[in-house]
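Visitor: Now for the letters of each chain:
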Amino acid sequence: MIKFEKVTKIYPGSQAAAVNDIDLEVAEGEICVLIGSSGCGKTTLMRMVNRLISTTSGAIYIDGKNIMNLDVIELRRSIGYVIQQIGLFPHMTVSDNIATVPRLLRWDKRRIQARVDELLCLVQLEPAVFRHRYPRELSGGQAQRIGVARAMATDPPVMLMDEPFGAIDPINREVLQDEFLSIQEKIRKTIVFVTHDIHEAIKMGNKIALLNAGRLVQHGTPEALLTSPANQFVKDFVGADRALKRLDLLKVQDAMLKNPVHCHDFDQAEVISRLMQEKGLNYLLVCDSQERLLGYVNFRDIVDYSGNVGARIKPMTLTVRPNSNLKDALSKMLSYDIGIVVAVDDDNKLVGILNTMTLASVVGQTYDEQGGRWGKITAGGKIL
Amino acid sequence: MEIWQFFMQNWHKTLELAWQHAWVVSISVIIAMATGVPIGIWITFNDKAAESILYVAGIIMTIPSIALFGIMIPFLSIFGHGIGTVPAIVALVLYSQLPIIRNTYAAIKSVDPNIIDAGIGMGMTRWQVLFKVQLPMALSVIFAGLRVAVVMSIGIGAIAAYIGAGGLGRFIFMGINQTYGAMIKSGAIAVSLMAIAVDILFGYIENRLVSKGLRS
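Chains A and B, in that order, give the protein sequences.
For the first sequence, the residue numbers in the working numbering are 4 to 387.
For the second sequence, the residue numbers in the working numbering are 156 to 371.
Misleading hints may appear alongside valid ones.
Calculated cross-link-like contacts (lysine-lysine; reagent style DSS-like; alpha-carbon spacing at most 27 Å) [unchecked claim]:
no.	chain 1	residue 1	chain 2	residue 2
1	A	Lys-189	A	Lys-282
2	A	Lys-238	A	Lys-261
3	B	Lys-168	A	Lys-112
4	A	Lys-9	A	Lys-238
5	A	Lys-112	B	Lys-367
6	A	Lys-282	A	Lys-352
For the record, the hints were derived by calculation from the structure and aren't laboratory data.
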């Protein structure tokens, strides 16, 4: 979709190239994150796509067409552009801001109005409330949403985003990133996304292009950057905790033990306590007949008890969903000071468990794709 | 009290002079605006011109008004307008240039470059950026310059009576010649009132024209 071919930029009066001989391809519907420390050329490279900066040599193609052969104004109008400080026009209402490019293209009023409302809904702002507000009446997060809506006004296939979440506080940034990713699920734009935050790059990028001093150091999936950094620079850039960063990429369901051992509330305590003794278990999960998680029992509580296990259940204070990411699960385990966390689906059905050993094996660099080491833990299997 | 008496006896003459005064000032400010704003815009594209033009406009401001009227007499005499309304208008236009040009220039220059970048990046032409983004955002500062120019012109316009341009300055000069205190004060008060009224009027217009989004 976007193809950089031996692109070089040397600013007038400068010896060193800001962007040096870069070859890069961004596939259709993909978010390509350009990352690097300041001055690495990432913003320059992005701004060359809509010709805000001219190339010194090399060529850039969009959809196979050399951008130098296109009318510069038309080119820019056909590319969505979101900048760092959002850049909303303060003298225009939200509606006028979003309508900027449609107006430049002389859409008729009704079509513009309809599109503005549609976009406001897409970014989850109530049109009737926000349409007539001015940017100064918006919070940072709201302004950012409008900035994205404005860039998508004419439904351009390509979008350029220059640190779009840079000015937002960390909590809202996470929310906006998640929202944007879910919008992207639907709209499938080809996006060049500039950031200096490796965490954001891993989260947002389908591909990451790491730049240093104008050169492309490594281009690949976030997974590839973390597991097989091309050189020491990449290693340093992604950080010593890159193994931990992989937790962002993985879901609970990738690491959990499926079909964990458990019993049912209607089971006899004597039977269960004997089985627990045999297997050397102190705790055991308890489900109802529909396999919904009820809680757990403690060996001490049932060993001298005759009756149903159900009467001695302790509630499970912490559960996670199989699709939440491993980092959240780990941080919950650490903050609740527990060695195990149970994954349940939306109906509260037991689907798996995570413990520190499984996490360690997933995070560890030598972890076995086949899950060999997990086998030992699951060896007991489903005992009931 | 004597001022009130003077007004009552001479209200007809007062209105006539006020009308003359307003007319000379209005023509001057309209011309000053029609020249100053475009010059102010133009020099935002041309930094070298900006420096010299602001310098010249600054120098003109420092010339005492009486002296400027005097300097112009020989030049404008060539066209048969050494004294009267024409030199008064020319002088007022010259004085008004600095606040108008300077404010226009500064206001446009101070528009956040990020916002201009957003405009260009979305595919606005240079002119569209100017008319849809920079000027609307600069409007309130440009207006502030116009207000200064108008209020100043009303004040300096009083001195133009000295070269036969008429206006409320007549009362002041005649009063001085005749040592007629009430007449001097009446002229001065009338000039002040006019300046205040016009300032309020401009404030009102500014409020209507400048986008609500720019009010803090």
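Visitor: Now look at each hint and say whether the structure bears it out.
Guide: Here's how the hints hold up against the structure:
| no. | hint | verdict |
| --- | --- | --- |
| 1 | Lys-189(A) / Lys-282(A) | violated (49 Å) |
| 2 | Lys-238(A) / Lys-261(A) | violated (33 Å) |
| 3 | Lys-168(B) / Lys-112(A) | violated (55 Å) |
| 4 | Lys-9(A) / Lys-238(A) | holds (25 Å) |
| 5 | Lys-112(A) / Lys-367(B) | holds (22 Å) |
| 6 | Lys-282(A) / Lys-352(A) | holds (24 Å) |
In the structure shown, a violation is registered for the earlier hints numbered 1, 2, 3, in ascending order.
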